[in-house]
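Peer 1: Top to bottom, those sequences are chains R and Y. Here our numbering is used: the first residue of the first sequence is 1, the next is one more, and so on. Here our numbering is used: the first residue of the second sequence is 427, the next is one more, and so on.
Since the hints were made in silico from the structure, they are not lab data. Heads up, some of the hints might be wrong.
Said to hold, decoys possible - Pair by pair, the computed Cβ-Cβ distance ranges are: (1) Y:Thr636 with R:Gln313: 36 to 42 Å; (2) R:Lys83 with Y:Lys433: 29 to 35 Å; (3) R:Gln313 with Y:His490: 54 to 60 Å; (4) Y:Ala484 with R:Asp127: 27 to 33 Å; (5) R:Thr59 with Y:Ser435: 55 to 61 Å; (6) R:Pro42 with Y:Trp579: 29 to 35 Å; (7) Y:Trp579 with R:Ala369: 58 to 64 Å; (8) Y:Val474 with R:Ala368: 52 to 58 Å; (9) R:Pro42 with Y:Glu456: 27 to 33 Å; (10) Y:Ile448 with R:Asp112: 52 to 58 Å; (11) R:Pro42 with Y:Thr636: 33 to 39 Å; (12) R:Glu213 with Y:Val474: 35 to 41 Å.
As the list claims (entries may be wrong) - Okay, the calculated bits of chain Y under chain R, using three or more residues with CB under 8 Å as the criterion: (13) 471 to 483; (14) 509 to 518; (15) 568 to 580.
Where a beta carbon is used, it is the ideal one built from N, C-alpha and C, also for glycine.
Single-letter residue listing:
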Amino acid sequence: MKKLLALLLAGAMALSMVACGGSEPAAPEAETGSVYYLNFKPEQDAQWQALAEAYTTETGVPVTVVTAASGEYETTLMAEMSKDEAPTLFQVNGPVGLANWKDYCYDFAGSDVYNELSGDSFALIEDGKVYGIAYVVETYGIIANTKLLEAAGYTTADIASFADLKAVAEDITARSAELGFAAFSSAGMDGSSDWRFKTHLANLPLTFEYQTEGITPGTVKGTYLDNYRAIWDLYINNSTCDPAELSAKTGNDAVTEMVEGKAVFYQNGTWAAGDLAAIIDDLTMIPLYIGVGDEANQGLCTGSENYWCVNSQASQADIDATLAFLNWCVTSETGLNGMCKEMGFVIPFAKALEADNKFVQEANAMIAAGKTPVGWNFPTMPSEEWKNMVGSALTAYAADQTDDNWAAVVKNFVDGWAAEYALANG
Amino acid sequence: MEKAVKKYSPIFVLPTLLAFTIGFIVPFFEGLYLSFCQFTTVKNAKWVGISNYTRVFADEAFLHSFGFTVKYAVVAIVLINVIALGLALLLTRNIKGTNIFRTVFFMPNLIGGIVLGYIWQILINCVLALVGQPLLALNSQAGYWGIIILTAWQQIGYMMIIYIAGLQNVPEDLIEAAQIDGATQWETFWKVKLPMIMSSITVCVFLTLTNSFKLFDQNLALTGGEPNHLTEMLALNIYQTFYARAGLQWKGLGQAKAVLFCLLVVVISFAQLKATRSKEVQQ
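Kindly produce the complete structure, drawing on both the sequences and the hints.
Peer 2: What follows is the structure, given as structure tokens:
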């Protein structure tokens, strides 16, 4: 009996070894190279897989696309990069993200895909080297429900400055019981939503400061923080909920309020079109006015924080294969269709196709009408920690709107910037 | 037979030893090495000496998280063990429905820390909103007590089972002899039962102590360290240093913190084991 058992166990072990040996992937041919893309955007995973398959059928070059779970990109990338079969293509979110991965970024200069790029403002260039190129341009502003706005007796044409926005919002708040909806959806400060304010909204005072005061690395003055306070006050005091509850409100809460018609305004970007598909016909995007600069000609906030980087530590064959794949994505018909139509991206490349996304079309129309887009300067924020500090202070201020609490926001914004910059570059 | 076992013991030990070496010993020493390096991925490390360790002690958030962890551990260990022992005493008295009670008290332990964290976050936020207090993300006091309540709720059942097992092993004749000698209920508990279950106490205190220092999931899900790292415990602080920070200098710092953390947990646990072991009695 014992012998039989031992035999069985030995057999099982041998079998599992054979099974392991059999399932080993066939090694790609060395001279053609292969592509391994660690994708950042879970919402576009299926489309990337399809595009990879199409490329492999067309050229025979194997392309693997792996998508990191939402919020897990850095950890996944760190683990994957330590492997022998490391990603040949990955992404960073701007200069701060680049700091982590600079040693792994291949210089795009002279490559075909870089030559297709619409301009150097879409590239991450440091020390004369092109470390990353943006592959999607996004836009945000205030999404407004025109139907509800009309019910309150206004149109978007009535809102052409911060003063207008304030007047409209406060009027809606005054009559909210009668109208049945609030001006702003909840400005949730839960992790799923706080980036809309600590990052995207904070971009406005930052950008205007860069414009008027110039850029001094390592310091900000906080010139327009009073305007930041004014719009934050407007958001939290004309909203669907008590400001003290904001710390626990999520991104989904705000989406639900919009879809259910409980609020007119919602600060978010082109990527939100999918979430709001049910009421997209009633929606439009208006510029995010904070009462600074030439508001009559202010456009939406347009920029990118998604940059492709090619792993410089991969073999030359893999690097070449990856560059060829990228070039195919932004020049071939199948590639362009996949990126612009299937994924709905606005891509900053010469041959880009028109996007179907309603907000994107509006953003383009606004640029065509001569409005000046507000740039994305939040990738220059010194660290995630800085954003979290500002976010925490904003939440605390929302719950108890005193001057002291606002002073904490200003302190974290200005002093925190210097401290975090020193830590990051010290 | 015994000779044969001795002769072949290395072969029997080998698989476990291999797994232990691959899964623990090698990573531990690699980690130790990395704590003296600057690196992004583990393959590409540059030796920088002890600078990571000097920076650990200049990191205020880390020192605060250490203090917070100690404050949490003291209260949690006492609370969990006292309540668990109390429940164990109640549930070894042949009360009706004992088994149901035992099962119910044990159940929270079966749910994962992240899920529990989010459930309790909703519960506590509701209560705070009702009494007009700042919510968890703004309220470090509530965060502190929240973590204690959560982990107590989760771990009491588990410790209770261990104490019940210990209490059931106390010989009946000892208790009977004590009662014949005229010992009161309290004296029986304090002078007979308690010394007899010292080994259970050693195990439970060891478990709650190491759990307290290693606490991560519940902390991450319930407060996430908010507000401003005030409710951040050691493990979460290390995780944040390693993953939430961009830049070359952070990974080595996180690694140095992790090594210190490991040493700390080992030292404290050994000290505790030694202290409680010395009080154990042989039957």
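Peer 1: Can you tell me whether the CB distance of R:Pro42 to Y:Thr636 sits inside 33 to 39 Å?
Peer 2: 36 Å, holds
Peer 1: With respect to the beta-carbon atoms only, verify the hint that R:Thr59 and Y:Ser435 lie 55 to 61 Å apart.
Peer 2: Because 58 Å falls inside the window, the suggested range holds.
Peer 1: Taking a Cβ-Cβ distance under 8 Å as contact, does the stretch 471 to 483 of chain Y have three or more residues in contact with chain R?
Peer 2: violated (count 0)
Peer 1: Is 27 to 33 Å a correct range for the gap between the Cβ atoms of R:Pro42 and Y:Glu456?
Peer 2: Between R:Pro42 and Y:Glu456, where Cβ atoms are some 31 Å apart, the hint holds.
Peer 1: Okay, Y:Ala484 versus R:Asp127 on CB: inside 27 to 33 Å?
Peer 2: Cβ of Y:Ala484 to Cβ of R:Asp127: about 30 Å, so the range 27 to 33 Å holds.
Peer 1: Determine whether the Cβ-Cβ distance between Y:Trp579 and R:Ala369 falls within the hinted range of 58 to 64 Å.
Peer 2: With a Cβ separation near 59 Å, Y:Trp579 and R:Ala369 satisfy 58 to 64 Å, so the hint holds.
Peer 1: Indicate whether the distance between the beta carbons of Y:Val474 and R:Ala368 respects the range 52 to 58 Å.
Peer 2: 53 Å, holds
Peer 1: How does the Cβ-Cβ distance of R:Gln313 and Y:His490 compare with 54 to 60 Å: does it lie in that range?
Peer 2: 38 Å, violated
Peer 1: If you check the beta carbons of Y:Thr636 and R:Gln313, does the distance land in 36 to 42 Å?
Peer 2: Holds, at about 39 Å.
Peer 1: Determine whether the Cβ-Cβ distance between R:Pro42 and Y:Trp579 falls within the hinted range of 29 to 35 Å.
Peer 2: The hinted range 29 to 35 Å holds for R:Pro42 and Y:Trp579, with Cβ atoms some 33 Å apart.
Peer 1: The stretch 568 to 580 of chain Y covered by chain R? Criterion: 3 or more residues, Cβ-Cβ distance below 8 Å.
Peer 2: The restraint on the stretch 568 to 580 of chain Y is violated, since only 0 of its residues have a Cβ under 8 Å from chain R and three are required.
Peer 1: Are R:Glu213 and Y:Val474 spaced within 35 to 41 Å by their CB atoms?
Peer 2: Because 37 Å falls inside the window, the suggested range holds.
In this structure, the earlier hints numbered 2, 3, 10, 13, 14 and 15 are contradicted, and the remaining ones agree with it.
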